[in-house]
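Asks: Below are the chains, spelled out letter by letter.
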Amino acid sequence: MRGHRSRTALINAVPVTVFLIVLFIYPIIGVLSLSLKGDNGAFTLHWYTDALSGANLSVLISTLRISAETAVLSLLVGFVLAHAIARMRPVFAALAMLIVVVPHFISALVRTYGWIIMLGEHGLINTLLTSAHAPGAPYSLLYNETGVVIGTTSVMLPYTVLILQGVMRGVDSRLLAAAAGFGASRWTIFTRIYLPLVAPGIGTAGLLSFILCLGYYITPALMGGDQQTVVAALIDQQVMKQDQWNSAAAFGVILLLLTFAGLGVLGLARLRRKKAHARRSSS
Amino acid sequence: MMELPPTRAGHVGRALSASAILLFLAMPIVIILVTSFGADGIGTFPPKEYSTRWYEQMAAPGGNWATSIALSSLVAALTTVFSLILGVTAATALARGRLPLHAAVYGLVLAPMLIPQVVIALGLFLFFEPAGMLGSPLAIALGHTVLAAPIAILIMISTLKGIDERLEDAAASMGAGRMTIARRITFPLATPGLIAAAVFSFITSFDEFFIAQFLSTPDTRTLPVLVFNALQFDVDPTVTAVSAVLIALAILALALVALVRKLGGHRTGRSALPVEPLT
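Same order as they appear, the protein sequences are chains U and A. For what it's worth, the working numbering labels the leading residue of the first sequence as 1, then goes sequentially. For what it's worth, the working numbering labels the leading residue of the second sequence as 1, then goes sequentially.
The shape of chain U in the complex, shown without the other chains (with noise of 0.2 Å):
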């Protein structure tokens, strides 16, 4: 019985092995090579050189913004979520979960042009405001970075609750009872001891909606205005209007590497815990 093991396992691993090397490992090597390939076929940096350079070097800065600003507000937002449902009771809790999981199933396209209707001039939220005589009322929530980053938090919100739910629920309250017991503040115990606990899954969340942000496109393309037009959004554009696919491709290939960037720095991170726990638990 376990001598065949290996063997029946090394066929059945073909496959998925074979598959995603013909069409996921070799197409992007396609998108390296045309990005490094002239007019006459001979090797340029040309278009990297034009892709970091006038209009196409703002494309890039306000994607990285966005996405940062995007990360930090689903952080937060993710936080305090987060933080309010580990001490809900089961039921409550339970509930939450399902209306911070159910809408990542339901196409991101579809949630955001519920944004669309609710963030208008006349929208819900504006309606609501006016009417209260909020000053200032209404607001321009649409169209701008303001409603990009909205509907863009909302696509990451799951990814970043879920993380930092995951660390909150493994922060032994014993330590912070014990705080409590040599008399320290809630501010302290919140800021000495809780946070540190809990910074691990902070950063890896973070890291994680700024690199999943990065590739993504439809709430900037259909929420945002010219300022906000992202990376992902230019290469659409430039295969299917403007067949530039040189140019396409050295975009896609500079968000690859902004990508492993991302996933470097949480890979080494971990190294790094795992480093930290391996001393601690040997001295």
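If you are wondering where the hints come from, they were derived from the structure by calculation, not from laboratory data. The C-beta atom is built at its ideal place from N, Cα and C for all residues, glycine as well.
For lysine to any residue, the following SDA-like pairs were computed, each having C-alpha atoms within a straight-line distance of at most 25 Å:
1) K161(A) with T17(U)
2) K275(U) with L101(A)
3) K274(U) with L110(A)
4) K48(A) with L129(U)
5) K241(U) with S136(A)
6) K241(U) with T217(A)
7) K274(U) with H102(A)
8) K241(U) with N229(A)
9) K262(A) with V102(U)
10) K241(U) with G135(A)
11) K48(A) with S131(U)
12) K161(A) with S6(U)
13) K48(A) with H122(U)
14) K241(U) with L138(A)
15) K241(U) with A131(A)
16) K241(U) with T220(A)
17) K241(U) with M133(A)
18) K161(A) with G166(U)
19) K241(U) with D219(A)
20) K262(A) with M97(U)
What follows is a list of derived Cβ distance ranges for each label pair:
21) T7(A) with H277(U): 30 to 36 Å
22) A132(U) with A39(A): 26 to 32 Å
23) P46(A) with Y26(U): 50 to 56 Å
24) A94(U) with A66(A): 36 to 42 Å
25) P61(A) with S58(U): 45 to 51 Å
26) A94(U) with Y50(A): 31 to 37 Å
27) R169(U) with L23(A): 23 to 29 Å
Given chain U, put chain A in place with the hints provided.
Replies: This is chain A only, laid out in the frame that chain U set:
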């Protein structure tokens, strides 16, 4: 969680902020469901008059919407078949056997979840364009399988890990052949996982936008591509009804998976989102 005596102000503050955030998350979905029955078609909320005309327009035979719903269903069905084949084989290799290069294969399987989808879509465009396969349902389904297979594989791995291998060993010791074991023991126990994998593969494909957008042609556009165009260029009120249908589909799918899990008595405890490998 925190074993500190809760203050009333803290309690009220937390409850209020959490409710506000949850309401904010649920509202866009509720608004779509309600306005899809609105008669005016400009998204007044709440609608002054109700009607089902947008649903009738969506289902009108021969129309853009009906055609793209048929295409999306075909593509999603193909994707489900491909993902299940890859899911069952790969999960058997990763969960059961002693696979050489286990980490490399596992990493390869997870990679499509983390690489920007627009880059995968661009790669597939460059791959299928020279073959003249743009707009082919098969090409779109193969592309969708790159995204759906990893999800199916993760679900099947956790399903197979939840099955006690000793049941199979016991059957083998009583003389059952490998086919009999697979048919009589493994398959019945893995059914809830298989259904979950199928449902999530189908939904992943049915809702997928990036790959479908890059591989589409003006005559073959999947439902999400059509929705995107309707939202970006010509606002067609029918899109509200389509969105409501997509919401209903997702909720039905999740309910089906939950039901099957419950009937199968499975409590795998794995989260439904593919974030686990990262935390």
